[in-house]
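Participant: Residues per chain are reported as follows:
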Amino acid sequence: MKIYAFLVFVFFFSCQKEIEIDLPVNEPSFVVHCYLSPSNTLDSNFVNVELQTTQPLNSQTIKYISDATVILTEDNVIVDTLIYSTELNRYISQNNLFNTESSKVYNLEIIKGNESLTSQTTIPQKVEIIETTFIPVSYKDKYAAAISEVGIVFQDPPNEDNFYEILFVNYPKNYPFSPGYVYVYDVNSEDQAIQSESYYPTLIEFYLDAPKSLLFNDKTFDGELKTLTLHTRLLQSVGSFYGFRRQEVKITLRHVSEDYYLYKTKMYDHLYSQEEDILYGVGEPQELHSNITNGLGVFGSYNSSVNIMFVDSMKIE
Amino acid sequence: MRKQLLLILLICQCSFGLTQQTMSGYIYDSETKEALIGARLYSQKYTIGAKTNVYGYYSITIPTQDSIVSVEVSLFGYQTQIIDLNSNIATTNITLSKGITLESITVIGDKSLIKEPEMGTIKLTPKEVKLLPNMFGEVDIIKAFQLTPGVESGGEGKSHLIVRGGSPDQNLILLDNVPIYNPSHFGGFFSVFNVDAINSVKLIKGGFPSRYGGKLSSVLDIQMREGNMNKFTTTGSIGLLSAKLTFEGPIIKNKMSFLVSGRKRLLPIFRMMGSGISYNFYDLNAKLNYKISDKDRIFISGYMGNDAVKIDQGSVGTDFKNNLKWGNKMAVLRWNHVFTKKIFSNLTLYNSNFSSVNSLHIKNSSPGFSKEVNSKLTTGVNDLGLKYNLSYLINSKYNIKLGINSVNYTFTPNNEEYSIVLNDDEVNLDYINKISAFENSVYMENEINTLHFSANIGLRYSTYIVNNQLYDAFEPRVLLNYIVTENLSVKYAFSKMTQYMHLLTTSSVGTPNDFWMPSTENIKPETSLQHALSFSKIFADGKYDLTLEGYHKSLSNLITFKPGASLVGNLDDWENVVESQGIGTNYGLELFLKKNQGQTTGWLSFTLSKASRQFQNINNNELFPYKYDRLINTSVLVNHKFSDRVNLSATWFYGTGQPVTLASQIYVYDDEVVLLYDSKNSSRMRDYHRLDLALNITKDTKWGSQNWSFSVLNVYSRKNPYYYYYEQEIDANWNQGDLKLYQRSLFGILPSVSYSFVID
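These protein sequences, in sequence, are chains A and B. End of the first sequence = 485 in my numbering, gap-free, step of one. End of the second sequence = 1083 in my numbering, gap-free, step of one.
It cannot be assumed that every hint is accurate.
Partner residues are not named here, just some residues of chain B that face chain A (Cβ under 7 Å, in silico) [claimed, not checked]:
#1 K757
#2 P886
#3 I989
#4 D994
#5 D1061
#6 K1063
#7 Y1065
#8 R1067
#9 Y1078
Keep in mind that the hints were calculated from the coordinates and are not lab data. Beta carbons: idealized from backbone N, C-alpha and C, even for Gly.
Sequences are here, hints too, so could you generate the full structure?
Facilitator: What follows is the structure, encoded as structure tokens:
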């Protein structure tokens, strides 16, 4: 186990030395990030495409590409040519007159000089949250913070591979949060569907930050009515008023495309591996998934079911 | 096949035309009465020789009418004797007395290098190994082989056997003819083999005789000592890491003996560092040896060894306990029977087990709250096996070996017992799975020895059954030796090997996380084809040996984890988290120059090699350097005997850098810097080199003898690479600076001392 390598290292009081090494100079690659979701939903994302290039190792800035041609088609019909927004560093829809819909096939084509990047995604069907349960104080952690339990029930479509993402978000309006700030709650689960994901930190990897959202597949519950139990730490105050703050928690269950799932889970693996290599060495860098032809990154999609949970301010006993 | 049979018949026919005398028996050490392996008998008059097998049994057939034949009996480290063998006597047992030792570390015997149909084979004795520099007093047989051509350690401080670009699981490691699965203690710093319990050890890298099978890259054949048949002896040693004690002696003098040898960790090093971590290991070897008669002998031997790491850390309201235990156990019963002077048989029944258990207990509690998680992961493999081997010495030029081998494997790939108790609610998730498999094999070896030509030509046929899936393989083995002169030979060998089990392990630093998995309907057995050509020369009257050997090895159906994959959550679906049908291509040139005689002896070993791998979904299906690939690997060993009491040994190793995958570009995702890595293993770590010294001072006493051993590893404190890692600089104002690459080294200069004694 990796903990064992750590022991060996400790035992020998190993030393470190900076290495100068000549690395090959690679041609930069294009990196695309775009997630589509059906328009006009509580969790919808306006159509936007981020395009950057890879940089040498110690670059301090992101190199966005602002002069590419970005075309979006729906079922092989061009619906928009996106324009670059310098404010957002993204390509966005110039007319917003089309709605993205589930089960439609979207193609993305990006042309920059002689290079052409293409990709495709199909927005999945919505999987509704049928029921939500809430226990304000399930237990208290070792810091005496109240941990709440949230249960969600949903029906997994049978006989197909389905991928999901669960996240709890809040758009707090008040101090100390700035306007437009999105707060994402820490969420964890003991459910096997979550625990069996390779990116999910094991009990021994307590030094790793928990992922901000939980991705999982339906391998362990194909076609079933699934109850997923989650734990989260809601916004709470300590001091003279020890209790929950008034908050509006968007419990979001996203039914995501396979590329979305693979990209995000491999990214978690990759980033965790980067964190761990200080202890265990650059031994097994994790490969990243990509569905961009001639490039890196992802063109993915999701369809969300959102339950808003109002939590009033209340004391924690 | 037809031509082979014709050749055999021809030799038989020629031989049948002459009168022959056959003599047989055992050769023993005159003091201990232990069987001597590889002792040679040679008739100068008839230029015919023979040697003892692993049980000390010899059989020699001389084409003569004389019933008494004079032979020279010799073995390195013993006084040569001239013995008259009488073919009218059923069994002639011979004893050899220890002679003046020459302290040379080499293949035993001079002319055997030229005459024997053996290739890519290196033999060492425990006495030779004990003179070498060691870490914390732990003399190690595997580390000694790492100083020979074609063999690598796999990294700083490791006790792996990486043979001709093979992986650690591709070595058939036999202890008294029984496979041992995990030969490493303490993260691979030394092996599980207690040198005090060992009689002989041999490493075969190519030209595999057909009696060996089941692994692709090498055979490490270790024979345990039998125990002194004459008197009780106690041997012990104490070093910085462990203490050893060996008791042996007769139960019935000259008929039955025993040997018990143990080794245990001495200092609680981690506890002393106050880390809440403890590490323990032990080995226990035991053997009973019973000479029923000149025709029958029984051996019962056993081994058990364990490593255990315990982490016990907690704070107020939190318990954290992690226990990691792994080890091997084996028990074997062997029966030798001599049918006639020409026919010797051995029956072996054995059980061998490897298991690794990782237990985790975490409990968080506070007033009104309690959460407890218990997890236990078990992996391992258990063998129940039977081997039957028959040797038939037809005449002085030709002998046959036949045998069968049958093994029942029980794999426990990765069982998990998991429970979580949250306040009063308990959830249990268990996954228990066992896979059974059967492997059977038959083999035939034909060994031919003439004046100018010797050969070992054989065939092994194996079958493997798991879950109604049957695999089988024909494995031809050919070794041809053309004896140009009595000091020069040219050899060629071809071997096909099949391996029905696979080892899954993650690639980053650290062990043990070995998962032994069976071949299945979807995961095919691994195979290798190896060609080798060598030139061997003895010169300066046997003072020097030189071997130059080239090899080419192709591997197929290799498996490895898919990048980022693990068995977590995939216990019942492990085949989908591995890449299979990988191929490997290894080739190289090895040079081995040895000085065998004089006060100063030693060797120079040089290897130029390349080892590559290719998997469809790794590295874009392009060939990449294997993680243990080193272009150049060279060792120098010098042993100087100042006197009978004082010996100085020096080893120097140099190897070009091992492969590493480094990042050369970045991009940003969700405010995180994502490193982009170049193609797999496309960069190299710094070169590795190290000088080690050992001084051994022996003194005879009234009660026996004692020895002080002083070792210094890494004399000039070279900071050799253990692994590389990235770290972001942070300045005094907590601003992030450059991402830099660092090297972690394991140790600088490392002195150690150990004391050993023999009470007899």
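Participant: Using the nearest Cβ pair, does B/I989 come within less than 7 Å of chain A?
Facilitator: This interface hint holds because 6 Å falls under the 7 Å limit.
Participant: Using 7 Å as the Cβ threshold, decide whether B/K757 counts as touching chain A.
Facilitator: violated (21 Å)
Participant: Can you verify the interface hint for B/R1067: is its Cβ closer than 7 Å to any Cβ in chain A?
Facilitator: holds (5 Å)
Participant: Is the shortest C-beta separation between B/D994 and chain A less than 7 Å?
Facilitator: Not OK, violated: B/D994 not within 7 Å of chain A, min 10 Å.
Participant: Do the numbers back the hint for B/D1061, that is, is its least Cβ distance to chain A under 7 Å?
Facilitator: B/D1061 check passes; min Cβ-Cβ to chain A is 4 Å, inside 7 Å.
Participant: Mind checking the CB of B/P886 against every CB in chain A and telling me if the closest is under 7 Å?
Facilitator: Hint on B/P886: holds, closest Cβ of chain A at ~4 Å, below 7 Å.
Participant: Is the hint on B/K1063 kept, meaning its closest Cβ partner in chain A is under 7 Å away?
Facilitator: With a closest approach of 6 Å, the B/K1063 hint holds.
Participant: Have a go at the B/Y1065 hint: is there a Cβ in chain A nearer than 7 Å to its own Cβ?
Facilitator: holds (5 Å)
Participant: Any CB of chain A closer than 7 Å to the CB of B/Y1078?
Facilitator: violated (23 Å)
Checked against the numbered hints given earlier, this structure breaks hints 1, 4 and 9; the rest are met.
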